[in-house]
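Chains as they are written, first to last, in the UniProt record's numbering: chain D, 1 to 231; chain H, 1 to 321.
Hints listed in this document are in silico derivations from the structure and should not be mistaken for laboratory results.
Careful, some of the hints might be misleading.
In silico lysine-lysine, BS3-like type, Cα no more than 30 Å apart, as pairs [what the hints assert, rightly or not]:
| hint | chain 1 | residue 1 | chain 2 | residue 2 |
| --- | --- | --- | --- | --- |
| 1 | H | K141 | H | K304 |
| 2 | H | K122 | H | K177 |
| 3 | H | K210 | H | K122 |
| 4 | D | K183 | H | K304 |
| 5 | D | K78 | H | K304 |
| 6 | H | K250 | H | K304 |
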Amino acid sequence: MTSKRIASGLGLLLGAGLAASQAVALEGDAERGEAAAGTCVACHQADGMGMNNPNGESWPRLAGLPAAYIAKQLHDIKEGRRESPSMMPFANMLDDQQIADVAAYYAELEPWPELPTAYHAADPNDEAEWLAERGDWAEGRMIPACSQCHGPNGQGVGDSFPPLAGQHAGYIVSQLEAWREGKRHNDPNDLMMGVAERLDEAQIELIADYYATLPERIAAQGDAAQEEDGQ
Amino acid sequence: MSQRRFHLLMAGTLVSALGLPLAALAQDDEVQRDYQIPLPEAPAGEVTFQPPLERDIPDNQYGDMVRKGRDLFVNTQALRGEYVFNEQNCANCHLDAGRLANSAPMWASFGVYPAYRGKNDKVNTLAERIQGCFTYSMNGKPPENGSEPLVAMQTYLHWMATGAPINESLPGRGYPKLEETEQGADRERGAEVYAQQCAVCHGDEGQGQKVGERQVFPPLWGDGAYNWGAGMHRVNTAANFIKANMPLGKPYSLTDQEAWDVAAFINSHERPQDPRRRTLDTLDETAEIFHDHHGFYGQKVDGKRLGDHDNFGENPVPLDG
Numbered sequence: 001m002t003s004k005r006i007a008s009g010l011g012l013l014l015g016a017g018l019a020a021s022q023a024v025a026l027e028g029d030a031e032r033g034e035a036a037a038g039t040c041v042a043c044h045q046a047d048g049m050g051m052n053n054p055n056g057e058s059w060p061r062l063a064g065l066p067a068a069y070i071a072k073q074l075h076d077i078k079e080g081r082r083e084s085p086s087m088m089p090f091a092n093m094l095d096d097q098q099i100a101d102v103a104a105y106y107a108e109l110e111p112w113p114e115l116p117t118a119y120h121a122a123d124p125n126d127e128a129e130w131l132a133e134r135g136d137w138a139e140g141r142m143i144p145a146c147s148q149c150h151g152p153n154g155q156g157v158g159d160s161f162p163p164l165a166g167q168h169a170g171y172i173v174s175q176l177e178a179w180r181e182g183k184r185h186n187d188p189n190d191l192m193m194g195v196a197e198r199l200d201e202a203q204i205e206l207i208a209d210y211y212a213t214l215p216e217r218i219a220a221q222g223d224a225a226q227e228e229d230g231q
Numbered sequence: 001m002s003q004r005r006f007h008l009l010m011a012g013t014l015v016s017a018l019g020l021p022l023a024a025l026a027q028d029d030e031v032q033r034d035y036q037i038p039l040p041e042a043p044a045g046e047v048t049f050q051p052p053l054e055r056d057i058p059d060n061q062y063g064d065m066v067r068k069g070r071d072l073f074v075n076t077q078a079l080r081g082e083y084v085f086n087e088q089n090c091a092n093c094h095l096d097a098g099r100l101a102n103s104a105p106m107w108a109s110f111g112v113y114p115a116y117r118g119k120n121d122k123v124n125t126l127a128e129r130i131q132g133c134f135t136y137s138m139n140g141k142p143p144e145n146g147s148e149p150l151v152a153m154q155t156y157l158h159w160m161a162t163g164a165p166i167n168e169s170l171p172g173r174g175y176p177k178l179e180e181t182e183q184g185a186d187r188e189r190g191a192e193v194y195a196q197q198c199a200v201c202h203g204d205e206g207q208g209q210k211v212g213e214r215q216v217f218p219p220l221w222g223d224g225a226y227n228w229g230a231g232m233h234r235v236n237t238a239a240n241f242i243k244a245n246m247p248l249g250k251p252y253s254l255t256d257q258e259a260w261d262v263a264a265f266i267n268s269h270e271r272p273q274d275p276r277r278r279t280l281d282t283l284d285e286t287a288e289i290f291h292d293h294h295g296f297y298g299q300k301v302d303g304k305r306l307g308d309h310d311n312f313g314e315n316p317v318p319l320d321g
């Protein structure tokens, strides 16, 4: 390769990196974010916990999501990479600085629950747990385990792979459907889109419910184990 | 290259070009299988073998050992500091816990050993082959023959191969071989592929990502990665793996050229020293004896010779005792 090509390649890389980081790297201020979040609480609630609405649109929990993830979603909604008719008017009200501020506010509001990270063998008779921890690698499926990107017990990895455990089931279902219907195309390299397309309806319902209830179930197991220890 | 090695290579190429299963060769009176050559490529053709389901692992001592082996295969980090001295798990390079075709599945490996391997120029049993993975891919120490980790892994592989023919290469074995491209493998082009396709998971510096102490995305270079003796440090092996398996959930999405280039980029970074270097006087000697293949060991990259160091990562144990 000629040095000219190397230089242009590096230029491209640097350019792409700068553009991406400029969109999300503004320093957010949580206090200003709280003021700017006045309209958010109607749906996402004052505590940022959102709400599961079985018969309508569910509102995601924002409290404890990575700030960079929240900021990226707001930019993507504004710019149409993530279609959301109900969010778009509100995202449009925020400028880049307000997006950074709101993102900082919700990221700090309450930490996302930390779940155990230790390996445990998935139960082959529990279809949801199997999908979460082992995936579905049948021919034509090639679905990695959710935990391979979203981390042990689906508690999220870095800024690009958000936590699933403790998110509302209705919201998880709606996002998987949005990917399948081409309404959401803001995931890195379409990694999630392909997986969503290959999941079947039953798997989507199963996995959404699995992750929505996982923190409670882990807590219950912990309580039961403590009781046993006490006896 | 010696005359003998050249001869053997040609024979290997011929066998793989014909794409015949080993058994077909063995049974044919006119074309005897040459057991003195490294295992040929897997035959082309549809993958038909299905390993048994985990819900059918029996509830007895055999089944318990299968499950132990499965757990170690998926979470090899359980052996960290004892037999494993980097941040890798077997299942990182053998997807779906060693079950996935074209991801070097274990059901296809089980029946082809014992086999001659050019790597150490002798016939290797399955146990020795697994021990080799520990020495190189895990930058570790081989579990002793008969030790529980090794027995557990052998039993897991044995169970996965239930119903598979012995001494026959099955479609889906290993990683599918990519043809070389006219442009060759270029690490500078590979850097662009890496930044676009790989860095989101494996990190800008190839460092991988963890949650707490748990590895989620394995490091691809540096101390946490496979060492300079591991098969995956070869550009061709990595390109083959990447094409069929990466990015995760998007198999065969990269072009052949991209797979070659990104493999060259990843494998032209520093990693723990080849443990065989301990037994030799110089880098040159190690490169000459053990690195007559498509890799960057001993080559100059960005003004520095790769492998010119005595960093064995976390591995404290000299190979020769």
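What's the verdict on K141(H) and K304(H), does the C-alpha distance respect the 30 Å limit or exceed it? holds (29 Å)
Within a Cα-Cα threshold of 30 Å, do K78(D) and K304(H) meet the stated pairing? Violated: K78(D) and K304(H) sit about 47 Å apart, past 30 Å.
Please verify whether K250(H) and K304(H) have alpha carbons no more than 30 Å apart. Not satisfied, since the Cα-Cα distance of roughly 34 Å exceeds 30 Å.
Distance restraint between K210(H) and K122(H), which requires alpha-carbon spacing of 30 Å or less: Given pair K210(H), K122(H) is violated - Cα atoms ~38 Å apart, limit 30 Å.
Does K304(H) sit within 30 Å of K183(D), going by the straight-line distance between their CA atoms? It is violated: about 48 Å lies between the C-alpha atoms, which goes past 30 Å.
Does K177(H) lie within 30 Å of K122(H) when you go C-alpha to C-alpha? holds (24 Å)
Hints 3, 4, 5 and 6 from the earlier list are contradicted by this structure; the remaining hints agree with it.
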